[in-house]
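Residue numbers (the numbering used here), protein chains in the order written: chain G, 275 to 604; chain D, 65 to 285; chain S, 192 to 414.
By construction, these hints were calculated from the structure, which means they are not laboratory data.
The beta carbon of each residue, even a glycine, is placed where N, CA and C say it ideally should be.
You may find that some hints are simply not true.
[To be verified] Derived pair list, reagent style DMTMM-like, types lysine to aspartate or glutamate, alpha-carbon separation capped at 20 Å:
{"#": "1", "chain 1": "G", "residue 1": "Lys399", "chain 2": "G", "residue 2": "Glu372"}
{"#": "2", "chain 1": "G", "residue 1": "Lys463", "chain 2": "D", "residue 2": "Asp85"}
{"#": "3", "chain 1": "G", "residue 1": "Lys570", "chain 2": "G", "residue 2": "Glu601"}
{"#": "4", "chain 1": "G", "residue 1": "Lys587", "chain 2": "S", "residue 2": "Asp203"}
{"#": "5", "chain 1": "G", "residue 1": "Lys379", "chain 2": "G", "residue 2": "Asp428"}
{"#": "6", "chain 1": "G", "residue 1": "Lys365", "chain 2": "S", "residue 2": "Asp393"}
{"#": "7", "chain 1": "G", "residue 1": "Lys463", "chain 2": "G", "residue 2": "Asp486"}
{"#": "8", "chain 1": "G", "residue 1": "Lys578", "chain 2": "G", "residue 2": "Glu601"}
{"#": "9", "chain 1": "G", "residue 1": "Lys587", "chain 2": "D", "residue 2": "Glu148"}
{"#": "10", "chain 1": "G", "residue 1": "Lys365", "chain 2": "S", "residue 2": "Asp310"}
{"#": "11", "chain 1": "G", "residue 1": "Lys490", "chain 2": "D", "residue 2": "Asp85"}
{"#": "12", "chain 1": "G", "residue 1": "Lys578", "chain 2": "G", "residue 2": "Asp486"}
[What the hints assert, rightly or not] Footprint (simulated), chain D over chain G, 3 or more residues, beta carbon under 8 Å:
{"#": "13", "stretch": "370 to 376"}
{"#": "14", "stretch": "466 to 472"}
{"#": "15", "stretch": "494 to 503"}
{"#": "16", "stretch": "509 to 515"}
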Amino acid sequence: MSRKTSIHPQRSNPVSPKILPRFAVPAVAILAASALAGCGSTSSNSGGSPLAQSASAGSVVVGSDNFPESVLLADVYGQALAAKGTKVGYKYNIGSREVTYNLVKSGSITLKPEYNGALLAYLNKSAAQTSTSEVDAAITAALPSNLEILTPSDAQDGDTLTLSKQEASTLGLSQGATIGDFVTKLAGKSITIGGSPEFQTRTQGLVGLENDYGLKASQITYKTLDAGGPLTEKALTSGQVDAGDLFTTDTTISSGGLLTLVDSKDIFGVQNVLPLINKSSLSQTGVTALNAVDAKLDSATLLKLDAEVQVQKQDPLTVANNWLKSEGLS
Amino acid sequence: MNLFTYLRQFFDDPAYRSGYDSIWTRLVEHCEYSAVALLIAIAIALPLAILSGHTGRGDNAISIVAVVGRALPSLGLLVLLAAELGLSLSVTMIPLVLLGIPPILLYTHAGIRAVDPAAVDAARGLGMTPWQLVRQVEIPAALPLILAGLRAAAIQIVATATLAAVVSFGGFGRYIIDGLYQYDYAQVVGGAVLVALLSLVTLCVFWLLDRLLVSPGLRTR
Amino acid sequence: MSGALVHTGVFDMPSYVQSSFLGLIRTQLEVSLGATLAGLVIALPIGQLCSRLPRIYPATLGLVTIIYSIPSIALFVLLIDYTGESETTVFIPLTLYTLAILVPGVVDGIRSVPPNVLDAADGMGYGRMRRYLTVELPIALPTLMAAVRVAAVSSLSLMSIGSTIGNYGGLGDLFLLGLKFFDNSLIWVGLISLLVLSVFCDILLRGVQRLLTPWARSLRSVG
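This is chain G alone, in the form it adopts within the complex:
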C-alpha cells in the first residue's frame, strides 16, 4: 500500500535545481552530434538531392505520381506491357514530377505516365510551344539521351485555375471568362489560391500566373492542398480558397458549380498523355504495346475511366484491365 503510483517517463522528477550541469552535458552531446551530422552524408557522394533514390536493376518498373489519374495510367501502361509478356512491377504514388522524373532518369523506374505540356514546362521553364507536335519536339530536344517520350495519345488532362462559386459570383464572372478577365476584375485585391505544393513553383502554376497574366505575388496567399485531389476539391466547394488548381477531367467542377477560367494565354498548354521511358530498360515489344494504348486513348475515355476510379470507387488496376481487354489490347 506504500507503493506510489508510477508514471513514465517522469517518475523521477527530472527537473531539479542542478539544471545547468544537467543540460550542459546533453547540450554538448547534441552539438557534437550536429557537428558530426555536418560531415559525411550520402548525398555528398552522389551529388544529388537526398530525396532521390538509387537505381535498381531488374524487370520493368512502372512508377506513378501521387494522384489517382497517374496511378490509373500507370496501371493501363503497365498491364498493357504485362499482357505482352513483360514482367512488370509497380511503384505507385511516389511523389510529384519533381521526384519521379529523377527516378526515371536514374533508371530506378522504367516508365511513368506523363503530360507533354507539363513535362516541357518542367524541363524548360521558358518554353513557349503550343501545339502537340511542337511540344513533343521540344521535349525530345530537352531530354537526356537515355530518356524518351513515346507517341502521344489524344487524351488530355491539364491543370486549370478554377474559381469557387462565391468568388465567381462576387466578381461577376461566368462561363467563358478568361484568367485575364479574372485578374482585371480582381484589381489588385488579394486572393487565396489552393493547389499542390509544386503548383507554387511551376510556370504551369503560380509562376505562369504571375509572369503571363500579371497576377502579383503580393496578392496571393497560397494554401497547399493536393494535386487536384480531394483536399483541393473540398476547399473549393466549401469556399475556403477563392481559386484552385483542379484537373480538367474533374467532375467536381460541374457538380460543385465551380467556374474554370479559360486559359487564353495558354500557360497550362496542351497536356497529351504519354509515357516517359528510360530507353535502356524497355524492349521494342514494350514500345509497340504502349503506342497501341496511346492510339486508343482519348479524353472522353480518360474521363470515363477516371470516373470509374474516383466516383464509383473501383480499383484502378481492375479498371485498367477491363478497358485494355475491351480494346483488344490484352
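On the provided structure of chain G, position chains D and S as indicated by the hints.
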C-alpha cells in the same frame, strides 16, 4: 557541413523572408495552433484530473484514457477528420486538443493522489474547506507533476501541429511537406530544424515555469 | 457499374496499397516492436550505468527527454540524408524515442529493489551475475514491463508518421492513401485497426508482465 549547407540555403532564400511563406508567419501559425490547443486541453483536463485526484476516484478511467491517448495516431486523426468533416481550422484543432488531454489527466491525477496524506489530514484538521485544501495544499504539492503533464502535453501538441501541414495548414510542418513534394531538401531541413528548435524552446519555457512556480520546499535532489 | 465498392471486403486492400492487410500489420509489428526491443537492448546497459553512477543520470535523462521532444517527422526527414527514404529512417528515430521511456523505466526498476534484499542475496553467497539475473531483474520486472508496454504502444502509433516519407508507416500508410485516393473507408480501416492492434499489444504485454511476476499481482500501477 552538409546539413549546415542546406540550412544556409534555406535561410538565405528570400521566399522565406516575407509573405505567406515567411519563417515569421509560419512561426506565428505554429504557436497559435499549439497555444490555443494547449489552453483548451488544460481547460478540459485539469479540472477533471484535480477532481478525480482529490476524491480518489476514477483511477481506472484515467488508466484507460492514458492507454488510448498513447495509442491514438495523430496523423490518422488529422487525416480522418479532414476527410470526413472538411478542412476548417476548428476541425483540425480537435486532434491537437484530444492528444493533449491524456498527459495532463494522467500526471495531474497522479500528482494530486501522491500528495502526502499527513499534510491533507493536517489541513483538514485546521478546518480548511475542500476547495481551500485543493488550492492551498494539493495543487502546490502536486505542482511538479502537474507541470510535467503540461509539458508533455505541450510537446505532443507542437508535434501534432507540425502534421497539420498534411491537411493544408501552416506552421513549420508546411516547409517539411512542401519540400518533400517540391524535391527541395533545403526546405525540408529548414522546417525540421525550426520545429526541433521550437520544441526545445517549449521545454525551456516549462523548465522556467517549474523554477518559478514550484515551492523550494518541494524540490527534491 | 455504379455503386461498386472499392474493395469487396473491408480488409481487401486496393492495388495501390501494394500490400495485403495482414502484410501491413506484419510490417507494423516488425518495425514498431523491433524498435522497442532495440530500445530495450540499449536502455538496459545505460540504465544500469545510471543507477551505478547516479551523477550521470540527470544528464542522460535530459538528453533522452530532449530527443523525445523533437517531432518525429522532423527526425525522419533529417535522417533521409543518411539512410535515404527507407524503413531504417523510420526505425532509428522510433528506437531513440523509446529510450525516453525505457531508460527511466530501467533505472526505476533497479531502484525499486530494496537494498536489504540485495544484502540478503549477498549474504547467501550469490555472485554478481546470479544476483542480477535471479534477484534484481525479477524484482525490477514490473516497473520495467510497464515501461516496455508504454514504449511499445507509443512506437506503434508513432510509426504511422513514417508514411509521410514513403510507404514506411505500416498501417499508417492507409491514412495518406485514403486521403489522396478519395477513399475514406481506407482511413477508417487504418485508424481502427491500429487502435485495436495497440490495445491488443498493451493487454498482451500486461499478461506477459503478470505471468513473469506472480508475486506482484497485489501491487497496482497506474498507466
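Comparing the hints with the structure gives:
no.	hint	result
1	Lys399(G) <-> Glu372(G)	holds, 13 Å
2	Lys463(G) <-> Asp85(D)	holds, 19 Å
3	Lys570(G) <-> Glu601(G)	holds, 8 Å
4	Lys587(G) <-> Asp203(S)	holds, 14 Å
5	Lys379(G) <-> Asp428(G)	violated, 25 Å
6	Lys365(G) <-> Asp393(S)	violated, 34 Å
7	Lys463(G) <-> Asp486(G)	holds, 18 Å
8	Lys578(G) <-> Glu601(G)	holds, 14 Å
9	Lys587(G) <-> Glu148(D)	holds, 16 Å
10	Lys365(G) <-> Asp310(S)	violated, 62 Å
11	Lys490(G) <-> Asp85(D)	holds, 15 Å
12	Lys578(G) <-> Asp486(G)	violated, 33 Å
13	370 to 376	holds (count 4)
14	466 to 472	holds (count 4)
15	494 to 503	holds (count 6)
16	509 to 515	holds (count 3)
Hints 5, 6, 10, 12, counting from the list given before, are not met by this structure.
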